[in-house]
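Asker: The primary structure of each chain is shown beneath.
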Amino acid sequence: MSTNTTNQNRSGLEKFWDNLRALPEYFRGTAFRTGVPNTDRTRSSFVFGNLFLHLHSVRTHLWSLKWSTTMGLGIITTAAFLITLITGVLLMFYYKPYPDVAYLSMKDIHFVVPTGRFIRNIHRWAANIMVVTVILHMARAFYTAAYRKPREFNWLMGIALLAITLAMSFTGYLLPWDQLAYWAITIGANIAQSPRELTDALGLTEYIDPGGLIRLLLLGSDNVGPEALIRFYLLHIMILPLILAMLMGVHFWRIRKDGGLARPVDAESRLGVLPTNTYPVFTQAPAKTYQLAAVVKGRTPLVGRGPESTVPSMPHLFYAELAVLMFTVFICVTLALISDAPLKELANPSVPENPAKAPWYFLGLQELVSFSAFMGGIGIPTIVMIGLGLIPFLDREENGTGEWFGGTGGLDVVKRATFIGLAVPIFIETIAISFGWIREWFPQTPQIIVTFINPATIITLAYALYSIYLVRRYNSTRAGALGLFTCFLCGFLVLTIIGTYFRGPNWVFYWSPLDWPKH
Amino acid sequence: MTEESPKKSRLDPEPIARRDFLGLSALFAAASTLFFALLGMLKLPKTAVLSSPSKKFPVVLPDSLATGEAFIPQGRSVAVFRDEKGVYAISTICTHLGCVVKNNPEGFECPCHGSRFSVDGTVTKGPAPRPLPWLKVTRNGDKWLVDETTIVTPGTKAT
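Chain order of the listed sequences is P and Y.
Mapping to the numbering used here: the first sequence position 329 is 329, numbers consecutive.
In the numbering used here, each residue's number is its place in the second sequence (first place is 1) plus 1000.
Wrong hints could be hidden among the right ones.
What the hints assert, rightly or not - Going by beta-carbon spacing under 10 Å, a handful of chain Y positions derived as facing chain P:
hint: 1; residue: Leu1022
hint: 2; residue: Leu1024
hint: 3; residue: Gly1040
hint: 4; residue: Arg1076
hint: 5; residue: Arg1116
hint: 6; residue: Thr1122
Treat the hints as calculated values from the structure; they're not laboratory data.
Quick reminder that beta carbons are idealized off the backbone N, C-alpha and C, glycines included.
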């Protein structure tokens, strides 16, 4: 008040000078209205007064902050995405999406552009880390049974994010326009066309050809050329990142709306003695059940459940997230300094790279398509995606939610399923590698039989049957889901390792790259 | 008019079902408009004219070309052969996933997933779903015209 009165006595020029001096302070006040977050009240408004932070809830349960609850995998994935975003935009300064010129611009980035090689390495490592952590994050959510009510929809969002992450990586793989890129994309585009294998076998291709249409839309031509490159570029830098960012927003927002991370019903007692800076929201179980009629379905999350052990998200959650972000940056930078992203010779459409290998996380798929293009490349991935998506809708049990390997069967089922999940593909692959398959035994076998009866479909069928057996044996859908998911991870692992380390020229099995024929 | 019950006055509320019907029709109209508009937009990325080079091209075979030896025209994925019965061309694009197969004395071999084909293009091993197609060859003076768009029955040779 006193300043106001003095202000009135000052001259216009003096007021101007005062305002100018107060500018930084005043500006800070308009941007961050809440002030320093050092009380519960300012800490709360710090979160909900900020567009980016308010995806988080104001207070975080201590269970969610335990390292073993999430291992930070979701945040690492997000951090890796942010790193690819920033490094990707930097790479766009020099990259030119046109055949041959693209390759030259990659060479420029590698050899001429200041820090270009370093930035590209970080981009490539962050993308790889994102693929790994998105899979591990899914495994975490599955094994802690976090997909259950009310988080079913968010599990589906997660599956969509996994698919888009893989698509982002795959579209980025073409851009260097080297031999590796060209042939991986040729194979990928033909996998997209492989529904033809089925329509051909049924004699329908001239009437309905979904495979050909998908390939045409993807490549914009009948071979991998300038149109394909610009399309993959557009998908990689614009369409897919936009969809990804949007779905990430939904994914994070739903975590809050679904009541934070999943935790056991007795999380409070398990946490033991609480730190001194925490206190329950309600000191006693309230006698009255509060309900916001017609606005919130059911009871509000905090009411009626008695004391809860939450701490303010600022600083507890945000500092933890920042630490994970810094850790991810550290890992990416270190890997980028140690190992260069590969760049082979310029793409040559008349001589395939031998062996032509896709990025490592697709080598399991490539192993499957080496038995049948359609079942391995489209049929089984579709079955797997639908199977993963159905998990929360088929397993509606409640025991063990929020606990590692929680639910009926638990770790016991996981151990058994690990054994089956590793043994089945190793056994089937051994037969296929040592003795060949139906076509080598009976050369006249029609294609439709090779398409449906091959190592890839038999492994899938064996996993499905084993999972049904577990449902019956333990009388529990959770046990079946544990078995199926564990088998899926093991199958992915075995096939990826075979594809990566044991396949040489002409996709022949070799114990070591040292045994590859010289050419 | 006076006999009509007051319930039927136009001032009384409409039966709710009718409003629902109108609302739902409007919603359906909007949704289908947007859906078909998006579907129509897909016509843009569906390429009408392909930029790839012409699929019909002339080939001059060297005199030294022996029976069973493949001649691969520059930049093409076609193997042209000549024997005493005539000239024939076999596509070298693997019918599995589109890699270019390599010719050898026993036939063809795909580097990507190990499909093998005999000298006439029949699948002998691996995941390839169809044999390598034979392409139409016609004589044009001392040149041979290969047409990649026309597939002929295996064994058809041009003289």
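Asker: Please go over all the hints and tell whether each is borne out by the structure.
Answerer: Hints and how they fare:
no.: 1; hint: Leu1022; result: 25 Å, violated
no.: 2; hint: Leu1024; result: 23 Å, violated
no.: 3; hint: Gly1040; result: 14 Å, violated
no.: 4; hint: Arg1076; result: 8 Å, holds
no.: 5; hint: Arg1116; result: 9 Å, holds
no.: 6; hint: Thr1122; result: 9 Å, holds
Consistency with the previously given hints fails for numbers 1, 2 and 3, ordered from lowest to highest.
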